[in-house]
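Chain residues, written in single-letter form:
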Amino acid sequence: MMRSILSVKDVKKTYRNGTHALRGVSFDIHEGEFVAIIGSSGSGKSTLLRCINQLVKQTQGSVIFKGTAVEKLKNSEMKKIRREIGMIFQHYNLIDRLTVIQNVLHGRLGYMNDFQGIFDLYSNEDRWNAYHILERVGLENEIYKRADQLSGGQKQRVGIARALAQNPSFMLADEPIASLDPVTSSVIMEYLYRICREDKISAIVSLHQVDFALKYATRIIGIKQGLIIFDGKPKELTDSVIDQIYVKGKDELAKTELIMPEAIAI
Amino acid sequence: MQSEYLPLKKEKRLITWMGVAAVTFTALVTGCISEFNVLEAFRVIPGVLNFIFTDFLPPAVKSVPELWPSLLDTIYMAIISTITGAVISLIFALLCADTTAPHPLLKVTVRALASVFRNIPELAWTIILVPAFGIGKTVGLMALLIGSVGSMTRFFTESIEEINQSGIEAVRAVGGSYWLVLKSGVIPQCIPALVAWTLYNLELNVRSSTVIGMVGGGGIGFYILFTIKLFRYDHAAMAILAIAVVVILIELLSKNIRERII
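Chains A and B, in that order, are what the protein sequence lines are. Residue numbering for the first sequence is 1 to 266, as defined by our numbering. Residue numbering for the second sequence is 1 to 262, as defined by our numbering.
Since the hints were made in silico from the structure, they are not lab data. As the structure is a prediction and not an experimental result, all values here were calculated from the model. Glycine included, every Cβ here is placed at the ideal spot set by N, Cα and C. Hints may contain errors.
[What the hints assert, rightly or not] Cβ pair distances, simulated, as ranges: (1) A/Glu71 - B/Leu106: 23 to 33 Å; (2) A/Thr59 - B/Glu161: 24 to 34 Å; (3) B/Val108 - A/Arg23: 28 to 38 Å.
When you get a sec, could you build the whole thing from the sequences and use the hints?
Here it is as structure tokens:
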């Protein structure tokens, strides 16, 4: 058995508006795993990923990353954990008015003090590393383009590059292909998967598309209404389980789309 | 084809007419109380026109060298108060925008302060400050600065609150500290808005520095008051024309700059 890198223990999250996003979630991630989390909108996937790097603080339970309970950390220690965990977002979350390479270099901010960060004092090594990472994702000719001039697929490649610039040992990808067309989705998933394998980065990827989960994941976690209802190998994911994950009650249909954006803003 | 009339919204005739009646009634009542007389307004028009055409026009072009220093003073006052005000306002705005406020108490305090600065007119600030600083440019400058901080803090705060939070989330996720989130996430996104508001404030300051000058704030306003008291209306007309030209030039300049910074 490989070493456990992340341990999520009975995590619950209730937002201020009373939404129970997570109702007690537990699992362990081991080194080298590429885990897909599937579930419908509003099932708690985004909240779960954000509890891992504490963009959202859980109401109860513990998240242990490499032996450290992250919810207890002070700001300076939190920085050291966060910089080890790369994150990729559905909406890319780039700073539109900055160039591609400036966005990638943001991945280094966790390694810099405030003075260096405020005056953009990235080391020459960092700059060249950023350039080489952009070469890896095929964007070396676009480094001075503004982020808002890129296509969706290019933006997500910048997102991946920014996460890689952190030199992470763990990757969180929150619906990385949900805003992309099918062809671009395949390209991005291929990049993400290949890079995580090559750099030995363990990853949790939340997905809507079950076929991508089946193709890439070493393990699949199915989540519904804030609870894990499936955790196993891709081949164990039967059609009836999939149906169970994606079938919704009427109440849930009514509130999902409304509640999630607000939840993320907190 | 259907001949029946298809309304575009639910008709609420009664409420509409009641609204019209209420507005008319209010206008009549307030008009009576303030002794507003339409006929009187029309009656004085010839006199006003006569005054403008015989006394004000043509503007005394020869007075330009004489008013030039005052005009420059006004422009300097407007520029320095805008720039200083912008720097202070940016700090204030970061302290009191919902998305960046470090502490709720600080947020409320700064908001209250900016509100006081903004809601007391610059004219009143000048009158309040004249006893402390004496008549002159310093008073005008202080009044403009206070007014600028008041309004720009509000503009900047709203601009900061409007920006896309997702980019900020990303900077937090890489381990950026509070300061780095501001520097790398917040500021780059709101620069166009900040520049636009600052330029707008510069226009406002040129305009209000004229009025402020008349109550003791120095600059071209003081010059206008001075010439009017000496019945040199053509000199005053030239000064007013000069201000109009400056304001228009600044408007053009700021439009140009705003289009470049998107």
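Here's how the hints hold up against the structure:
1. A/Glu71 - B/Leu106: 23 to 33 Å: 26 Å, holds
2. A/Thr59 - B/Glu161: 24 to 34 Å: Cβ of A/Thr59 to Cβ of B/Glu161: about 27 Å, so the range 24 to 34 Å holds.
3. B/Val108 - A/Arg23: 28 to 38 Å: 36 Å, holds
Hint compliance for this structure: every hint is met.
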